[in-house]
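Asks: Go ahead and model the full structure; you've got the sequences and the hints to work with.
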Amino acid sequence: MELETQRMDCLTLLLKMVMRLATSIAMLTVIYLVGYILVKGIPNLSLSLFVWEYNSDNVSLMPALINTVYLTTLSLLLAAPLGIFAAIYLAEYARRGNKTVQMIRLAAETLAGIPSIVYGLFGMIFFVVTLKWGYSLLAGGFTLAIMILPLIMRTAEEALISVPDAYREGAFALGAGRLRTVFKIVLPAAAPGILSGVILAVGRIAGETAALIFTAGTLAKVPQTPMDSARTLSVHMYTLSSEGLHMEAAYATAVVLIVLVAIINGLSTLAARKLTGGFHE
Amino acid sequence: MNKISIQNLNLFYGSFQALKSLSMDFQENEITALIGPSGCGKSTLLKSLNRMNDLVSSCKITGQVLLDNEDIYGTMNVNLLRKRVGMVFQKPNPFPMSIYDNIAFGPRTYGIRAKMRLDDIVEKALTSAAIWDETRDRLKKSALSLSGGQQQRLCLARALAVAPEVLLMDEPTSALDPISTLKIEELLNALKRDYTIIIVTHNMQQAARISDKTAFFLIDEMIEYGSADQIFSLPKDKRTEDYITGRFG
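Taken in order, these protein sequences are the chains called H and L.
Heads up: the first sequence at position 80 corresponds to 80 in this note's numbering, and the numbers run straight through without jumps.
Heads up: the second sequence at position 63 corresponds to 1063 in this note's numbering, and the numbers run straight through without jumps.
Keep in mind that the hints were calculated from the coordinates and are not lab data.
What you are looking at is a predicted structure, and each value in this text was computed from that prediction instead of being measured.
Backbone N, C-alpha and C fix where the C-beta goes; we use that ideal spot for every residue, glycine too.
Hints are supplied without guarantee of correctness; some may be wrong.
Non-contacting residues of chain L with respect to chain H, defined by C-beta distances greater than 12 Å in every case (computed) [unchecked claim]:
1. LEU1182
2. ASN1189
3. PHE1248
Straight-line C-alpha distance at most 20 Å; calculated EDC-like pairs for lysine to aspartate or glutamate [as the list claims (entries may be wrong)]:
4. LYS184/H <-> ASP1101/L
5. LYS1003/L <-> GLU1165/L
6. LYS1141/L <-> ASP1120/L
7. LYS1003/L <-> ASP1025/L
8. LYS1124/L <-> GLU1186/L
9. LYS1124/L <-> ASP1101/L
10. LYS40/H <-> GLU243/H
11. LYS1091/L <-> GLU169/H
12. LYS1091/L <-> ASP165/H
13. LYS1192/L <-> ASP1170/L
14. LYS1183/L <-> ASP1170/L
15. LYS274/H <-> ASP1025/L
Label-pair distances were calculated between CB atoms; the ranges are [stated by the list, open to error]:
16. SER1057/L <-> MET103/H: 15 to 21 Å
17. SER1057/L <-> THR110/H: 24 to 30 Å
18. SER268/H <-> LYS1115/L: 30 to 36 Å
19. MET103/H <-> ASP1068/L: 45 to 51 Å
20. ASP1068/L <-> ARG105/H: 43 to 49 Å
21. ARG1117/L <-> ALA94/H: 33 to 39 Å
22. LEU38/H <-> ARG1117/L: 56 to 62 Å
Replies: Right under this line is the structure:
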């Protein structure tokens, strides 16, 4: 008996240490990565990087910054409503265990796991060539929208399903119809979960390069129309570092990209809190 | 007067029969308690009175349930039925919104938008559920910040806010402490002047304390139905006697 408990104590201690180690490694990796980029990038941030017009001397990231915002907005405007409404149908209206629903779920899961280059090739063949949109903001936006659609759909569906049935029953028992129940009770309760899916999607858009080089092109200019080619910050970074001439500027661009994503995430979280009135937790 | 009249009701979940040719009446302005061991169809019966069973896709019903002599499974609009027949659940289920919005959700469903009117309804509903004094200063606060007993009274207030005629209660105090339970019981006694109340309970003392009529269920049928005094002092059926004296259940 004595020995048994001693062995248990040893095991507990060991497990604790393993968990601490794992947590530390995970945290240190992030800290190292962000720290490295900040240390390398911040000293290279200069005013010339934020000049409106890009040329090969100033390697300005301004057009890329603006393009990133355009592209993120466009992709989200296309994919988020579609994905969220599809999720509402799957979670709230379709019969559970329905064959079609299972097919859709399987398709979404598969699509979510496909490498982005495949979306890029599809986008190039379909939007750029077949629809004759050329390398354009529009073609890039549509391609990325298709890419993030399954991600948004799956996370939104999970968020809706995890809303307790007691809320739905409570609303039905008061004589509220399904539509009112879904939009006034279930959707607000699921908002934080849906939003985390959207934030993940923002990350994927901001970090995408391969699919965009094939569809939106690499022109470093602020587009006048949606049919103009446009490079985003990630593509800009890729171009700078692959040319090998402007590594400092590439690091500086990485800093701006990190800050931009952090700002977008912060704003979305704030928006969600406003939306739900902060009544969760 | 009969508020609800059940005639030859059969209820199936798939091939399983949960209720067998049940006929019974519920009197207006009385509290009727449904007692019996778990799985005897009490909650099922309760849910068939406001058609919450519709949400279970395998559920099939034959027979009639008449509310003021109108068949609720006929042409009656199910949302209007649920406005007339309110429900309080076993576990308090306030919506994750403010106390005020919880109460106002029902009235808003029926198109009441004017702030003055809503304020009035909210105050009246909270007062009837004896929770106004505790919440009047924090109406904009989250309903989830209330204690379990307060949450259940809030749910009662929420049900009252749509001015129902019948109140269905599915073990409304089983998740509450004795003091909160006592408060709810006192409330029900006061509320029966204006409402017809049907309550499912596992607590025999509770049924004896608050109900005017009591129905005892076993497996899938009603064994005995009569005034609470008679059921608890002179049960006619041996099984009823065994159950209320605690020999099984």
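Asks: Honestly, which of those hints from before does the structure not fit?
Replies: 15
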